[in-house]
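There are 2 protein chains.
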Amino acid sequence: MPEMLKKFIRDIPDFPKKGIVFKDITPLLNDTTALKRSVYLLCEPYLHNRPDVVVGVEARGFIFGCAVACELGAGFVPIRKPGKLPYETASASYDLEYGTDTIEMHVDAIKKGANVLMVDDLLATGGTMAAACELVRNQGGNIIGVSFLVELAFLNGREKLGDYDIRSLITYD
Amino acid sequence: MPEMLKKFIRDIPDFPKKGIVFKDITPLLNDTTALKRSVYLLCEPYLHNRPDVVVGVEARGFIFGCAVACELGAGFVPIRKPGKLPYETASASYDLEYGTDTIEMHVDAIKKGANVLMVDDLLATGGTMAAACELVRNQGGNIIGVSFLVELAFLNGREKLGDYDIRSLITYD
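As given, the protein sequences belong to chains A and B, one line each in that order. Numbering-wise, our numbering comes out as the position in the first sequence, counting from 1, plus 6. Numbering-wise, our numbering comes out as the position in the second sequence, counting from 1, plus 6.
The shape of chain A in the complex, shown without the other chains (with noise of 0.2 Å):
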């Protein structure tokens, strides 16, 4: 079934840059049956050990994040960018290409003990989830999966998250 939904992903060559093919996931959003399947699909293997809180990461991981906590029956988390939650916030950085960004959490976000599933559209080289994993686990929180739509296995981003229970919807290898 995962499969049947790449046919909603769209190859947009040479953005954001010249060389670069991007994974354009409009198309699944916009259509009903792919969308809840998406959602469903993500939620699944956590329907039997459902998790307290999912946390998405602005912009995008906010799409699926909402929804898949309303799902599961869970709350949800945003982790920002800096400047953007009004309350106290636990901050982690990454590096990029070039130069490094910053991520920023409520202090009070997640409770000690607290069992999280993360949730992101793509894993592509894994710098901003694992900054956001470690926010969570900084609070206490325990991770008991991570979980994107769209995996760019040639990224080898899953090195980068460690040994968590790291499942993707859709794989280009």
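To be clear, the hints were calculated from the coordinates, so they are not data collected in a lab. As the structure is a computational prediction, the values presented were derived from the model and not from experiment. Wrong hints could be hidden among the right ones.
A pair counts as met if it fits within one copy or between any two copies, since identical chains are not told apart.
[As the list claims (entries may be wrong)] As a list, the in silico DSSO-like pairs of lysine-lysine whose alpha-carbon atoms are at most 27 Å apart: (1) Lys23 with Lys87; (2) Lys42 with Lys117; (3) Lys118 with Lys23; (4) Lys23 with Lys42; (5) Lys42 with Lys24; (6) Lys87 with Lys24; (7) Lys118 with Lys42; (8) Lys90 with Lys24; (9) Lys118 with Lys13; (10) Lys23 with Lys12; (11) Lys24 with Lys118; (12) Lys117 with Lys13; (13) Lys24 with Lys117; (14) Lys23 with Lys13; (15) Lys42 with Lys166; (16) Lys117 with Lys87.
Since chain A is already given, all that's left is putting chain B on it; use the hints.
Frame of chain A; chain B shown alone:
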């Protein structure tokens, strides 16, 4: 019931700048029951008049947008900041306190005559949502409703949106 949701909204004084009291929705997102109830109440008026797609604006509009789309059995269309959407886009600009801002939508996002529900977490001055509605109308979309979790009624955002079916779960006068 919507009034019960109010206790999950946290006031943050002087954010993002001095004199403004920010309505922080993250405690509501974090609470399983309040989150699920909010999504249901956003959907309720459209259960018997379902949209073909739900539209949400980056970034916080993605949180409820996709969850509402899934609950209603609709597709989800993201409107994004400039340069983020990979395919051909249409854009609309709107005034800020100082300067202007621009948002973009894929040109193939809305089928002509499609019924569209617009969703965001917050109605403040209404500038962003008015521009989003313009993008949808320009593609021939039929806006059946514009729904918010929170409305800051004292900012008169409704006036900027015109004659739509505008709803909000929590209102601050």
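Each hint, compared with the structure:
no.: 1; hint: Lys23 with Lys87; result: both (22 Å within a copy, 17 Å between copies)
no.: 2; hint: Lys42 with Lys117; result: between (29 Å within a copy, 19 Å between copies)
no.: 3; hint: Lys118 with Lys23; result: neither (41 Å within a copy, 31 Å between copies)
no.: 4; hint: Lys23 with Lys42; result: neither (31 Å within a copy, 39 Å between copies)
no.: 5; hint: Lys42 with Lys24; result: neither (33 Å within a copy, 42 Å between copies)
no.: 6; hint: Lys87 with Lys24; result: both (26 Å within a copy, 21 Å between copies)
no.: 7; hint: Lys118 with Lys42; result: between (32 Å within a copy, 23 Å between copies)
no.: 8; hint: Lys90 with Lys24; result: between (31 Å within a copy, 15 Å between copies)
no.: 9; hint: Lys118 with Lys13; result: between (41 Å within a copy, 23 Å between copies)
no.: 10; hint: Lys23 with Lys12; result: within (23 Å within a copy, 44 Å between copies)
no.: 11; hint: Lys24 with Lys118; result: neither (44 Å within a copy, 33 Å between copies)
no.: 12; hint: Lys117 with Lys13; result: between (39 Å within a copy, 19 Å between copies)
no.: 13; hint: Lys24 with Lys117; result: neither (43 Å within a copy, 30 Å between copies)
no.: 14; hint: Lys23 with Lys13; result: within (23 Å within a copy, 46 Å between copies)
no.: 15; hint: Lys42 with Lys166; result: neither (29 Å within a copy, 33 Å between copies)
no.: 16; hint: Lys117 with Lys87; result: within (21 Å within a copy, 33 Å between copies)
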